[in-house]
Each structure stands twice: as C-alpha cells, then as structure tokens.
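Engineer: What follows is each chain in one-letter form.
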Amino acid sequence: MTDLNRWGVGLLAVFVVMALVPQWIAPYGPKERSAPYQDPSADHLLGTDDIGDDILTELIYSARISLLIGFAAAAVATAIGLAIGLVAGYCRGAIDELLMGATDVVLIIPKIPLIIVLAAFLRPGFGLLVLVLGFLGWESIARIVRSKTLQVRETGFVMSARCMGFSPAWIMGSEILPNIFQVLVPKFMLATAAAMISEASLSFLGLSDPTMKSWGMMISFAFSKGGFIREMWWWYLPPGLCITLCIVAVAAIGFSFGGDDAEARIE
Amino acid sequence: MSPLLDIRSLSVTFRGEQAVRAVEDVSFSLAEGEVAALVGESGCGKSVVAHAVAGLLPPGAAVSGAVLFQGRDLLALAEREMEAVRGAGIGVVFQNPSLALNPLHTVGRQVAEPLRVHRGEKKEQAFAAACRALAALGFADAPGLMRLYPSQCSGGMNQRVVTAASTILDPPLLIADEPTKGLDRDRVADVAGELGRLVAERGTALLLITHDIPVALALADRVAVMYAGEIVETGPAREVLGDPAHPYTRGLVASLPENGFVPIPGASPSPVDPPAGCRFHPRCSFCVDRCRTERPALAAAGRRLVRCRRCP
Amino acid sequence: MTGLLAKGIRYAVSLLVVVVLTFALPRAMPGDPVMNIIGEDVSVSPATLDAIRAEIGLDRPVTEQFASYLWSLLHLDLGYSYHLSAPVFDLLVARMGWTLLFTGIAIVVGAAIGILAGTVAGWRPETKRSRAVTLAALAVSCTPPYFLALLFLSFFSFRLGLFPFKGLYDEATFGSVVHHLFLPVLVLTLFAAARNTLIMRGSVVQEKGSLYALYARARGLSDRAVLFGHVLKNASLPIVTLIALDFGFIFSGALFVEIVFSLNGMGTLIYDAVLGRDYPLLQGAFLVIAVMVVCANLAADLVYLLVDPRIRRQGQ
Amino acid sequence: MKTIPAFLSCLAVLILAASLVPAACAAGDGETMTRAELSAAILPYMEATYCGENVVHLAPIEIRTAACRFLGLPEPPENTEALRIATPNVVKATNFYDDYYVGIFTHLSNLPMMRMDANGHLVGLTADRYEVSSDNTQWTFYLKDDLFWSDGRRVTPEDVAFSFEYLGEHEPDAGWIKETLVGTTVSDEENAVTFTFNKPYTTINLEFATYNILPKHIWEHISDPNEYTEAGPFVGDGPYYLEEIDLNAAKMTFRKNHHWQGKQPAFGTVEVHWFANDDAAALALEAGDVDTYYRYANSYPYAGVQRLKDTGEFNTLEKTSIGLTFLAPNLKRAPMNDLSFREALADAINYDELVAVDTLGYGTVPNRGFVPPGMDYFADTPALAYDPVAARQILHDAGYLDTDGNGIVECNGTDLDLDLLVRTGFERDGQLIEEYLEDVGIGATVHQVDSTTWFSLKDEYDYDLTVTGTTPWGMLMHAGWGTGYFDSRRTGKGVLHNLDDPVYLALCDNILATSDQAQLERYAGEMQAYFDDNLPAIALYWKKDVIPYNRAYTGWYYEPLFGIYDIETFLNVRAASG
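Residue numbers (this note's numbering), protein chains in the order written: chain A, 27 to 293; chain B, 2 to 313; chain C, 368 to 683; chain D, 838 to 1415.
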C-alpha cells in the first residue's frame, strides 16, 4: 500500500496547489468570459460553460472550496472525536460508558437524512455547512481515540506522570495525545473524504450555497444548464473526476497510515 | 536407515522492505519414532523451522536448502502434493489451541475435517471416526463434545481436541509448536504427559518446538538449541541440557528458576542486521576478538555439535 | 446477557434521541415553530393554522407537548403534510415499498459481490488483480452516488438508449419494472459492493493471518478450502453489522438515485419535501429511516447471535 | 325538454344499428336480420337501459357499443393513438384538487369558464358569452349548451356556481372569492349563472380563465378536497377526461370524452409524462417517446433546441412570451429610491450578454417600458442600453462618489454593498449583474436563495436588489401590464409590493375601473410611460417561448397564458398529410 500512499500524497499535493494558488495555474481569471458553450480547443482546453467561463479555470478555482469544506469539517469532527475519546479513555468508568454509549447512538443515526433535514431548516453557508458536517462525523474517531488512549494510559510514562501529580488535562494533552497521533491522521483523512462527498451531494440537492463554487456545484450547474443533454462531458466529467480522485487520494493516505483495519470506512 | 526427517542447510528469508534472515543454514534430522526438541528464546527462528517443514510459511518467504521427509524433498513439492503431506504425513499442534480452532465450527467438524479432506470420507463416517479419536483421548462424553463450539470448551479440552485433529490420520511425524506456552505448571505437565503418551503409544516421531527446557528435557531424546536463526548446539538432550557447552545454552540453563534465575545479559539481536562474527558475541562473557569477526562453524564435540570457537 | 441488555438500551436511547430530535427541530430552528411544523411555501387557511397552534400548544410546558407528541407517534401519527394533503405516515408507507424493494436488492446483491470481491482481494492482496479490485472499490466508494448515477443515466440511457429515462414502469408489468429499475439498482449495488469489498478485504487480511487458518492449512486443507471453508465465514461476520449500519447509507444513496432516475420512491418524496420546505414530511421521513436503521441493527445483532457461537454463549 | 335527448339517442341507435347490419351479416355467418327486426329488438332495450328517470346523454360510441353487445357483435375498436407530452412540471400527488400542475393539466378535462386565444383575447370556453353590469359588480355567464360530463350528464349552471363556491370555501388561494362574492344566481332556462360581487371587478373573465369547473354531483360528496387523493378516473367535460394519475409511471392519462359534442380530436388518449429533469425530457423527445414539450410559463431549454432540430423529426413554434426576467430595486430603501441611482443601474447592465447567455439568442434587449411586445396595447418605449460610462457619470453627478478610490462608491460614508437577492434558476444572472455593478462602482453581494426564503425576505423588504421573473399570468394579474408585481397594496408569493407612488396606484385603479377597450389602451400607454420614466423595475431581457413538436403532426396552437396547453391544440392536432 505504500504505492497507494505515494500516489495519494502526490495527487493531493496537486489539488492543494490548485486550491492555494489557482491564479498561477488557471489559464484565465475567475471572471473572464468568452462565448458560451464552446467545445474544447487550444484556447479553452475544456471548453466554456453556459455563461462563457473557461471550464478549466473554474475547475482549478473550485478546488479551494471543495478542499476547504472537507478539511474544515474533518477538523471539527476530529476535535470533537478527540475530546470525547480522550476523556472517555482516560477517565474510564461511568464517564466512559456514558460517552461511548452516546457515540454508539450517534453512529446509528442516519447521517445524510439528518444533514438534509438540518440543511433544509438552516440554509447553510460555509461555516454552517462545516459545523453540520463536522458534528455528524466524529463517532468513529472517538472510538479509536478511546481505545488507543486506554492502551497508552497503562504505559509506564503515563503512569509515572500520574504519580508525579500532573493534571489529567496536561497528561492527556502532552503525554497521550502525541501517542495517538498516528491513528488520528488516517481518521482525519477519512473524515475529510466523507465530508467532501457530503458537500458534493448537498450541492447537488441545492442545499448548499451556489455562490460557493465547488466541484459539486459545477456538476450541479452542468446538470441544470444543459451540459448533459449537449453531451459536454468535458464540463461534467472533470469536476466529477476531481472529486473522486481527490477523495481517493485523501482516503488512500488515510488507508496507508491506518493499515487495513476494518474500521477504516468512508461514510 | 535414512532418517524420517532430514533438514539440510535450511535458510529462510522474509522479503519485505528489509530482508529478514529468520533461519540460516540449519541442518537437523529426526529418525522414525524419535522425539527431538528445538529449543531457544522467542524469535530465534525455531518456529520458522517448524513452519518451513510443514510448508506453512507465508508467500513472502524465500526458502533454500532441503527438507527431506520420507526421502522426498518437501521444498520441491508442488502445493497440491504438499497438501497431501500436511495432516497425513506431518501433523502440527499449535500453542494456544483455543485460537487454533475456528470459533465458528463445531469441534467435531474440525476433528473430522482431515478425514474428509484426505480420505474423502463421508460425513457420518468421518464424524464417527472423530468421535472415536476423541474418546480415545479420554473424553467421556465424546458425542456431546462433538457438537460443542471451541468457545464452549476449556483450554485443556481444546488442547486435546487439537491433538486429536492433528493425529487422527496417524501421521508418522508430529510437530508441536510451543505446546506449553502460556500454561501454568500443572497444565504443562498434563500436556507434556499427553504428548509423551501419544508418541509412546503410536510410535510417532515428535518435533517439539519449545522455549521450555524442562519440557524438552522430559520428552526429547535429542535437542537442538537455536540462537538468532542458527543452531548453536545440538546433541542428546540430557547431555546438552545437563551439561551445556555453548555459552548461550549455559545461559539458558542458568536462567531456569531451579538454577537460580540468572538472566542472560543483553537482548536478542535484530534479525534484520545480525552481528558480525559469532552472533552471540555481544552477550557472551567469553568473547574474544576473533568472535567479533569470524563466524564459527558447528564443530563436533563428542556426541554433540557446538558452534563456538571457545568450547570444544 | 449484560451485553445484549446494553445493546438494547443503546438502541432504545438511539430511538429516543431520534424522537427528541424530530420533536425539537421545529421548535429549536429559526422561525415560527408553527410554520416550522406546517412547512413553508404552502397555503393554509387561518382556521387550520389556529387548530395547529392549539394542538401543539406552545404555551403548555414542553414535557406536556412531548408527551402528546409521543402519544401521537404511538398511534403512527407523524403529522400532516400540508403540501401533499395527506398524513405523513400514509405518504411514507405508500412510497417506501419501491425504495425498500430496490435498496433491498442492492444491499443483498452488493453484499454478495462485495464479500466475494473482498475475499479475492484480501486473500492475496499483493497480486495485480487484488490491487485492481481494491482500487476500483476505493474509487467507487469515493464517488458521490449521484454523480455515478448521472454518468450511468447519461451513458446507458441518454447515449445508448438502452434504458428508459424515468419512472418505475410504463405498464405495471414485471418486465417493464425490471427494465426501469435495472440502472438504479446497478448503481446502488455498485456502491454497496464497493463498500463491502473494502471491508471484506480488510477482514480477510486480518482473518487469514489468524491461527485457525494456519492450523486448517496444517491439517492439509487446500488454500481454497481454507479460504472458503474457514476464513470466508469468519471474515463475513463484521459485514453483517456493517450492512446494518450501511442500511442508512444505502438508503441515502437511494435518495440520490431516485432523484436522478426520476423514480417515485421515498427519496424523491424527501427531495420534494426539501425543495418545498415540507418540514413535517422531512421529519417523518428522518424518523422512519432512523427507525429502520435501528431495526436493521437489531436484526444484525440477532443474525450475529445465530451465526457466532461465541456471542450465543455470552447470551446464555 | 328532457325527453328530447332520449328520443334522439334512440333514433341514433336505430340508424347506427342499421348501418351495422352488413357487418352483422359478415360476422353472423349468413344469419341475416332485417332492419325492422333489428330496430324492434334494440329499441325496447335501449329505452329500458338509458331512458329512465335519469336523463343521461348517450354518446354515439356508447350506443354503438351497447348495440354491438346486445347483438353479440364485435365491439367497435377504441382509438388508442396517443398524443404524448413531456413536461418538467412534476406532479407530486394524486390530488386532483390541490396539486398545482394537476390543476393546470386538467384544463383539458375540466374546462375553465374562459380561455385566452392566440391574440391574447379572452374568449368563452365553458361560457358562451358574458355580460357585465355597468358598475362592474355583476357578471352573468351564459353557458354553452352542448357540454356533457364524461359520465353523460349535462354541464349545468349549478355545476359552475358550485365550483366557485366550493373553491372559495376550500382553496386558500381562491380566498378572494369567499371575501368578495355576495351571491350566485342560477338560471336553468337561460343556462346562465350570475355572480354578484361586493365591489367592482373588471377582470373576472381573466380570473375565471384559470379555475376548473367541477361536476357538482361528484364533488358535493367530497367534504375536504384537499385530502381527496385518488388515482382516477375523474369525471370531466372537456374533449378528454382524466383517466389516471400514475405517480409510479410518472404520467397522467386523459381519455377521450365520448360525450364531447364539439370538434372531435384525432387522438384516443393524451398522455402527460413528467420528468424530474429537463435533460431526460429532452432525450425522451429525441428518442421519439413523446411528441411535444410543455412547461408552464417557460420555453423548451434553449440549450437543447438545435440538437432537437438536428434530428429532423421536430419543428418548433417560436412565440414571443409575455413573461420576462427583471431586476427589481427595493424602492423602500436608499439609494434604490433615488431615480438617478436606478438610471445608473439601468445603464450598468450588459443586456446583450444577458440575452446571449440566458436565451442563446432567443431573446431581445428589453425596453424601458418593461412590458414585452406580446401583450395587448404594447407601447414602444426606448430600449435599454449598456453604457457603463454613462452609469458612472450619473452616479458621480448624483453625488455617489468614490472618495477613497477603491473603485466602489460610498453612500453615507461607507462603501456601497447592496444585497443582491437571487432566486433559484437565476444564479447566472445574479453572478453577471454583480460584476456589472462592481464595474461601475456599485458594490453588491449575491445572496442565492430558494423560493421559500425569497418569499420571506422580500415580504420583509430585506434586500436591496433582486433578480426574479414573471409568469404570463403574473403580467396579466391585478391591473395587467405587470402592475400586480409592484402595487404596494397587494400581497402574494411572487409579488414585490414595494411601490406606493400615488400616481402609480391611481393608474392601477383607473385600469381596474374600466372595461372599455379604448380607455384601457390609453391607460396601458400611460402605465408603460410610467415604467419608462420611473424605472420601478428594470427588465433584463424579453424572450421567446420555443416549443418543439413532432413534425408528423400539425395543428399546434399557442396562446400567451398557457402556451400550447390549450384546448385548440388538442382539438386540432392531427397527422400531417403526406
């Protein structure tokens, strides 16, 4: 799986560069337009869309929102999962039972329908979308952090730290946290992948903010503005491929860190 | 008479990101009905030898040398021929019988399985034979036991179930891989007794893989001591373990509780990058300069072979 | 026994949380709770409005409101959709059949394919074929369901004209239904299969390294016999729970597939409810899906109980 | 009176039965029957069956079928040829009464009182003609006397009276009926119904072009029509009745009403197939699965027109729509309430690009008078024009200055940042307009909202500018010429109600108070001049409706209100000769 890892990192790097400095790569400015519905040509490698935007340019600029939402939501999920897992694993006993019970409950609740209901009520913009996706993706992180914490807390150096009277918060933060980092990274990547899929799906349902240009939104526009009927595959296929490749890259990095554990699932 | 099992300069390397030389140039033989023990610490390669003999090494392993069993080189056999040897020719008993049995299948099914696979026996026939085999091992309610799952049996019961399954085809050679690991003293005695009885009754040759020197001493006629993938000393069990020649063997014996629990200083070397010269030299109190550079060969010393420059 | 009891409690709590969520959402969300209960973009006579206001009784204590809410739930009263002029429960029941039909097929076939492909990929993970299978499964599970559905629709229906563009059937005949449902079921099945493949692969990799597999080989079983006689069954166990957990996921996938293929199931019902802000319907749908997922998990536990003697023993 | 149809029908039986004799001979294998024998056999049967106390109309096909059944002859074959229509207007419930699009599609089966003709004039449909009292409070509709429900009963004035009373009672959107209708009087002799309102109404004839007439004998038993869901069939009085709404197959089937006395349609059934997405509908057309495309208040997607033409199987109708897309400033807020600011807005917009992007050439740059040329009494006002230089100049002259030099003018000391509210479907226009405005120094932020959110925000006047569209009905409602969107005294879902200029309100009232055509023309001209002078809203483009149809059929008919979904289409379309 190291091959996969290398590929994953390479691919993701490409996308990250796209997200960071689109203006260096994109052939046109984000607001430059020419004639609409052009076929691919030397001037427009992927043609133009319904308002004459260069599709390649749009593709490159869209990376930012797609990645940002994915990583931000994953960060939220990881933060929550980490906190709950750490506390549950460190304190054990009743608190553990309670927190893990709650985690199981969250695990069972179907996510996409709940996200849809919430999004319908709240009409999300960027921040809200990140929060909603983050708040619904932490349970597997909490589980793995807890089990790792349980292991680490029995090791000598944690024991000795406890004996020396350090506070639980300090021990969790500086003794246990660094040791569960290696399980956290893959989980974080998988949470990113899950959030990206959810974002793309919500865009398609029209539950996202259309002014946030993401790959999902591009497909959504291609769908509603005649891209499919005109067989303009250069319009809808690249953003779809970008989504898939980006998520595969992210997930592959996650997989290669985490090995083949059965928990490594993408929601 | 040619021996039942003749291992000739067996080397096993695991390929991975770094090559691991798990076993190097091991030669060893076992006559019919003989009991021999491979002794050493965990990770010394003794289990790898056993797995190489039974053809149970994972696909990433490169094996060289020869393993002659009843005159045939097992390493040269095709996988299908090897399947016929396993179970029928060579039985294997693993440590931790509760994990060796499939938790989702009944005990009876697993004991009967070799009969069905090797002899193509019908289910009823095979189950009846399995039932008899279990009864022969002293189970009063063998038919009832047949229907149980491993999780419903005690560790001791599972141990005997595994033994029954491994010997149901009466293989001429039985390999016991750490049969006593993790057991308390009473159970060790039980298991050792049982293996001894089995070998005595059926005349089966036994290759015992163990780190437990008293067990080896109790059961084995001959013993080979392994360290870091090599045999360092081999010969009659009582001689080797009663009066060890190699510094490592001495250390092993000295570390036994009854001998004062004196541990060998240092730790086993990494199999990825074993020390040059004698592999034991970093932990050896008799070490001289040559030990650090030149690898000693197995040299005859009376009825035994020892791999040490300092002690014949 | 305690294990089962704990599980039971967890499911009960899950249900309770879902119920509380659906109860709290219209009250906690921005806007007028009464409008949140009716849904927006719908015309209701002032008399109806007053009737609802009286019925939910926002001035009464929350506990009382919750009790009456529970009471109506017990009578399968999930509220009334003012958009579609029908009780939410009736609407859901009427639409659920089709969705359950094709998700059911997809889950079963997907599990079968996934178990098989995952076994192949996990048994010899280093071969080219295994890598290809793994990569394909990874790619599929990393594609948003609606995008795959769109691709299939545009290629097989639009481009090749092999399948119809909409609907569950033209005439209510078996052949027509099969023709209409083939692509949607195929897309969903691919998803279920891809996810199961990845899980099964990991599971097989883990199980084949276990001692019982080695011991089975030591008794002279061929690779095949070890794989299919021993490893497969053991490795499939986690799949049972995952299928149950995935039930919710596949159901969500079905939502997108229905939208793309214009199928008149629960997904399109939910989609329309989203577009029209038909909140009672949305909440009812969420509640029903959640209940189904909990039931599926319960069923998975029961299956476990049947298949795995270790758990059975615990239960005794 | 009541015996006449019975007698006529019996006579018809005789004639028909007689005409069937040769067939009977052929089928009966030599067994012959004289005409006299035949009539002697059929007459008593027909009388017994159909001429009891309930006088029901007999359709020729029914008589013929009955006769055949009686004689043991093969029944005449039903015409099964179907006219198939694709639509993206998805029917969501089998509720005949409540589902919006079912309501529109059933104009075919349950005829409204009036309809609009191709010239935009209102003509009778259920009504033959009408009279209005001089004070515009009393409307009398004289019904056509050859309309029959599909179960054979005559359409009566009671049905009409019942329909509107029932609507007023049960349909919140028709609540105005309940509030303003004082009474209905029915005259069976004159076959007429009189509505009396508590205030003058000049546009009842238009209102009545959208409500279906229901058979009283069915619906009087249905206490809550909103909960009445049924797959069908539903009794109707049009050339077709609604036989089935099948949500699973996503289609509605209309079957020929054999009691229809008017021109006979060529098709046995009409099928309306709905598609959740436009592309699927378009491909169904290309594949020949459907014959035409209908979308209420909209054109076939312009992006697909050429492809469809390329198949060689389709021709198109191209008609100027009376609906349009416009930019509405919130007149209750500064600086949108400043006419010069609105003038600057009007100059800032690149109409040519919008026409190109949104209509792919099927539209035109609009006039300042808002109202598109397809409407009655269109007055030609100056065309809007893109002139960013002028826009900047106007802003500068009006005191909107960019003192900090960041490219955006200030208003009350801060950079102007207008809330540009954009409805679903106008995403692209919003995006472009934001750019145009920034180009002339007006800062704006797009807020993309779905309809529901848009309704609440515009009702709270919580926006600066919004992009929205009109429907044909919207252009006609209230005082007509788009006035309904701006009159601050009105409320409604799609309506902005943000204009309370007394001049404008008086103009609306004048139009509403007259039914005199010459006066109307004058007022219409004044209204368009008002739009021109005051720019309460800026049209972005006028557009054409493009309707593709299978060239194997001719006779398609288009009217401004419901497009091709007009009874004339269904009566006239038939196979093209040759």
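Any given hint might turn out to be false.
Claimed, not checked - Derived list of chain C stretches under chain A, where covered just means 3 residues or more per stretch with a C-beta under 8 Å from a C-beta of chain A: (1) 435-446; (2) 452-465; (3) 534-543; (4) 574-582; (5) 592-600; (6) 650-663.
Claimed, not checked - Selected chain C positions facing chain A (in silico; Cβ < 8 Å): (7) F390; (8) L392; (9) R394; (10) M396; (11) L483; (12) A506; (13) C509; (14) S589.
Claimed, not checked - Away from chain A, derived, C-beta distances all over 12 Å, residues of chain D: (15) D983; (16) T1040; (17) L1120; (18) Y1139; (19) Q1143; (20) E1190; (21) T1261; (22) G1262; (23) G1267; (24) E1272; (25) H1284; (26) Q1285; (27) G1331; (28) A1389.
Hints in this document: simulated from the structure, not taken from any laboratory.
All residues carry an ideal CB built from backbone N, CA and C; glycine is no exception.
Engineer: Does each hint fit the structure? Answer for all of them.
Structural biologist: To see whether the hints hold, each was checked on the structure:
1. Evaluation of the coverage hint for the region 435-446 of chain C: breached, as 0 residues show C-beta separations to chain A shorter than 8 Å, against a requirement of three.
2. Under the rule that three or more residues need a Cβ within less than 8 Å of chain A, the assignment of the region 452-465 of chain C is violated, with 0 such residues.
3. Closer than 8 Å: that is the beta-carbon criterion, and the region 534-543 of chain C has 0 residues meeting it against chain A, so the requirement of 3 is violated.
4. Only residues whose C-beta sits within less than 8 Å of a C-beta in chain A count toward coverage, and the region 574-582 of chain C has 0 of them, not enough to reach three; the restraint is violated.
5. Requiring three or more residues with a Cβ within less than 8 Å of a Cβ of chain A, the coverage given for the region 592-600 of chain C is violated, as only 0 such residues are present.
6. Counting residues of the region 650-663 of chain C whose beta carbon lies closer than 8 Å to any beta carbon of chain A gives 7, which meets the minimum of three for the stated coverage.
7. Among the interface hints, the one on F390(C) is violated; its C-beta lies about 13 Å from the nearest C-beta in chain A, farther than the 8 Å criterion.
8. Annotation: interface hint on L392(C) holds; nearest CB of chain A at approximately 7 Å, less than 8 Å.
9. Annotation: interface hint on R394(C) violated; nearest CB of chain A at approximately 11 Å, more than 8 Å.
10. Nearest Cβ of chain A to the Cβ of M396(C): about 4 Å, under the 8 Å cut. The hint holds.
11. Among the interface hints, the one on L483(C) is violated; its C-beta lies about 17 Å from the nearest C-beta in chain A, farther than the 8 Å criterion.
12. For A506(C), the interface hint holds, since its Cβ comes within 8 Å of a Cβ in chain A; the closest pair sits about 6 Å apart.
13. Taking 8 Å as the C-beta contact cut-off toward chain A, the hint placing C509(C) at the interface holds, the least distance being around 4 Å.
14. Violation of the interface hint for S589(C) is found here, the shortest Cβ-Cβ separation to chain A being roughly 24 Å, above the 8 Å cut-off.
15. Its beta-carbon lying about 44 Å from the closest one in chain A, D983(D) satisfies the requirement of being farther than 12 Å from that chain.
16. With 12 Å as the threshold on Cβ separation, the claim that T1040(D) sits away from chain A holds: the shortest Cβ distance comes to roughly 35 Å.
17. With a minimum CB-CB distance of about 7 Å to chain A, L1120(D) fails to clear the 12 Å threshold, and the non-interface call is violated.
18. Consistency note on Y1139(D): stated as away from chain A, yet its beta-carbon is not over 12 Å from all of that chain's, at 8 Å minimum.
19. Under the 12 Å C-beta cut-off, the non-interface status given to Q1143(D) relative to chain A is violated; the minimum distance is some 9 Å.
20. Against chain A, the non-interface label of E1190(D) is violated: not every CB pair exceeds 12 Å, the least being about 8 Å.
21. Consistency note on T1261(D): stated as away from chain A, yet its beta-carbon is not over 12 Å from all of that chain's, at 7 Å minimum.
22. Listed as outside the interface, G1262(D) is inconsistent with that label: its C-beta sits roughly 8 Å from the nearest C-beta of chain A, within the 12 Å cut-off.
23. At roughly 8 Å from the closest C-beta of chain A, the C-beta of G1267(D) falls inside 12 Å, breaking its exclusion from the interface.
24. Remark: the non-interface label on E1272(D) conflicts with the geometry, its nearest Cβ contact in chain A lying 6 Å away (cut-off 12 Å).
25. Not every CB of chain A is more than 12 Å from the CB of H1284(D) (nearest about 8 Å), against its label as outside the interface.
26. Here Q1285(D) does not stay apart from chain A, with its beta-carbon only about 4 Å from theirs, under the 12 Å limit.
27. Non-interface status of G1331(D) relative to chain A is upheld: no Cβ of that chain comes within 12 Å, the nearest being about 19 Å off.
28. Every CB of chain A is more than 12 Å from the CB of A1389(D) (nearest about 22 Å), matching its label as outside the interface.
Comparing the model with each numbered hint stated earlier shows that hints 1, 2, 3, 4, 5, 7, 9, 11, 14, 17, 18, 19, 20, 21, 22, 23, 24, 25, 26 do not hold.
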